[in-house]
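Novice: The chain contents come next:
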Amino acid sequence: MIATPRLSSILLAAITVLVAALLYSPLFVPIASSFFPMARGEVDWSSPTVDTYVALVGNHEILFALRTTLVVGACTVVLSVVSGTLLALYYHGRRAGRSLLQFIIFLPFLMPPIISGLALLIFFREIGLERSLLTVVIGHTVFVLAIVYRTVLTRLQSMSRTLVEASYDLGATKWQTFWRVILPNLSSAMVGGAILAFALSFDETMITILVTGTQTTLPVRLWAMMRLGFSPDINALVALILMFTVLLCALAARFLIPKQIATQRS
Amino acid sequence: MKSAGLARPVAIRWSPLVTALAFALPVVFVLVPLAIFLVYSFFSVDQGQIVYVPTLANYLRFFTDPVFLPVFWRTIVLCLSVAVISILLAYPTAYFLTTLRGRWRYALLMLLMVPLLMSYVIKIYAIRSILGLNGFLNKALVGLGILAEPSTLFVFNMNAILLTLTLLLIPFAILPIFLALERIPQVLLRASDDLGASSLQTFLRITLPLSMPGVASAASFVFVLAIGDFLTPQMVGGISGFTFGRILYSQFGTAYNWPFGAALSVALAVVVIVAILLGERFGRNRGASL
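Chains S and A supply the protein sequences, listed in that same order.
Residue numbering for the first sequence follows the numbering used here, starting at 3 and increasing by one per position.
Residue numbering for the second sequence follows the numbering used here, starting at 15 and increasing by one per position.
Quick caveat, the hints were computed from the structure, so don't treat them as lab data.
Be a bit skeptical, because a hint or two may be false.
[Claimed, not checked] Result set (SDA-like, lysine to any residue): computed pairs, CA atoms no more than 25 Å apart in a straight line:
(1) A:K153 to S:A23
(2) A:K153 to S:S48
(3) A:K153 to S:N187
(4) S:K176 to A:S29
(5) A:K153 to S:H62
(6) S:K176 to A:T33
(7) A:K153 to S:I33
(8) S:K176 to A:L35
(9) A:K153 to S:W47
(10) A:K153 to S:L24
(11) S:K176 to S:S49
(12) A:K153 to S:D46
(13) A:K153 to S:V84
(14) A:K153 to S:F37
(15) S:K176 to S:V84
(16) A:K153 to A:R115
(17) S:K176 to S:T51
(18) S:K176 to S:N187
(19) A:K153 to S:V19
(20) A:K153 to S:L29
(21) A:K153 to S:S49
(22) A:K153 to S:Q217
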């Protein structure tokens, strides 16, 4: 950008600071109250404590919901990475019907989750599938599939055709080429896609609320608890989760970004 | 989506099983549920039982009942306002980012995206406590002397939904605008400067028009995400903050009228599709790359 006059750049910086403050204010509340006791809606700044973190260890209900979330996330990652990669390999370069099927894969991601969730709810009822963790995993997989598919497809499209040709020229079979050339080239995109899929599944609330059975994931559990107000140990959990997700995203960025810049330069 | 030059398809022959799977997966788990959903909107409910006889009654009810259409329009206006406010805050922020150099630019962009990683539900809860009667906002306004006493203006009504959704969705507006601004070729700005335009003229005649695709995408993103949200209105809307998403959700809970809920979803889907198509139409970058 061209240098802006002093006054306007100060104004722009001020608005940016305001926006950052607005965005961070809802993060600040639970983190602050995880270290300081709350009394009558006021944070007591005088006595920092880690009691909430200690109490969290004893909160079996929440820890169980957290475990459920992790299990659902892991299943979602496996299902979505396998099918997403398969679909990307299959549709890559295929013209007949590709754009239509691609559009269908993207629908659950584009449509409001309430529509995808309700459609699945009615679908499960019609095929006689009881609402359970299985239906939650299916819901999450359908939702995140588009992201994994897109990530792998992008990598495939930036992959040089000469690599595959060289492999064939050197006498490799179809499967050898797949395992030794194509898959290693896709691996970091698959890891990046997996991390994104896990992050989305971890926080998915709206579809989950609609298709979940009695045993449910953390966000839905938290949603149910909000009517009564939180116990302070939830704040500790929230602070920990935030740290964990930031770490996870730093990892995702590491897997996704350097490779793409490298391929663009070559 | 076009594979250019070297990036031609990787040749693998597929067994019929894989072919079948590649077609079946999207069709069974996406298209079939949506189709059933659409069909459901033509059914009805009688004493808690779904009657599988096609009827237009649900759609007639939506258009004639004095309750639903006003809420529908009000929700659209609400979500448009959320989009406009988000863009008004996001545009200067994105512009400021592009004035920064290299590493700082992306570090700050990441910093503004981090709040997206925080649990959606927890954020809604935290924002409600900020907007509440004893919340930080009221304390600050009373402390600054703007308000004489804490006000209930900011929680459990439409304002609360507007503020909360805006706070939640600003990052979705920053990103596309930033990308559009970043794509504007520096040469154009320098040429404008060389030809004697002031920075304001350069901004109004070159930067702003060329960044409009980003603004259109941002508006479409924020609007679609806002109108599909039924958790935020439920949490901060109280009794008066009734949105379309909430009515829709209640058809599957307390009201227990799935076919009518399906018809309401079709109405919602139409609005969303229009918003996405408009975003696509005006979000395309034309002539911004040299």
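Novice: Work down the list of hints and note, for each, if the structure agrees.
Specialist: The hints, checked one at a time:
1. A:K153 to S:A23: holds (17 Å)
2. A:K153 to S:S48: holds (19 Å)
3. A:K153 to S:N187: violated (56 Å)
4. S:K176 to A:S29: holds (13 Å)
5. A:K153 to S:H62: At roughly 36 Å apart (the allowed maximum being 25 Å), H62 (chain S) and K153 (chain A) break the hint.
6. S:K176 to A:T33: holds (17 Å)
7. A:K153 to S:I33: holds (20 Å)
8. S:K176 to A:L35: holds (20 Å)
9. A:K153 to S:W47: Holds. K153 (chain A) to W47 (chain S) sits at ~16 Å (cutoff 25 Å).
10. A:K153 to S:L24: holds (16 Å)
11. S:K176 to S:S49: violated (66 Å)
12. A:K153 to S:D46: It holds: about 15 Å lies between the C-alpha atoms, which stays within 25 Å.
13. A:K153 to S:V84: Distance of about 52 Å is beyond 25 Å: violated.
14. A:K153 to S:F37: This hinted pair holds, its Cα atoms lying about 21 Å apart.
15. S:K176 to S:V84: holds (19 Å)
16. A:K153 to A:R115: Violated: K153 (chain A) and R115 (chain A) sit about 38 Å apart, past 25 Å.
17. S:K176 to S:T51: Violated, at about 61 Å.
18. S:K176 to S:N187: holds (16 Å)
19. A:K153 to S:V19: holds (21 Å)
20. A:K153 to S:L29: holds (19 Å)
21. A:K153 to S:S49: Answer holds: K153 (chain A) to S49 (chain S) is near 22 Å, not above 25 Å.
22. A:K153 to S:Q217: violated (40 Å)
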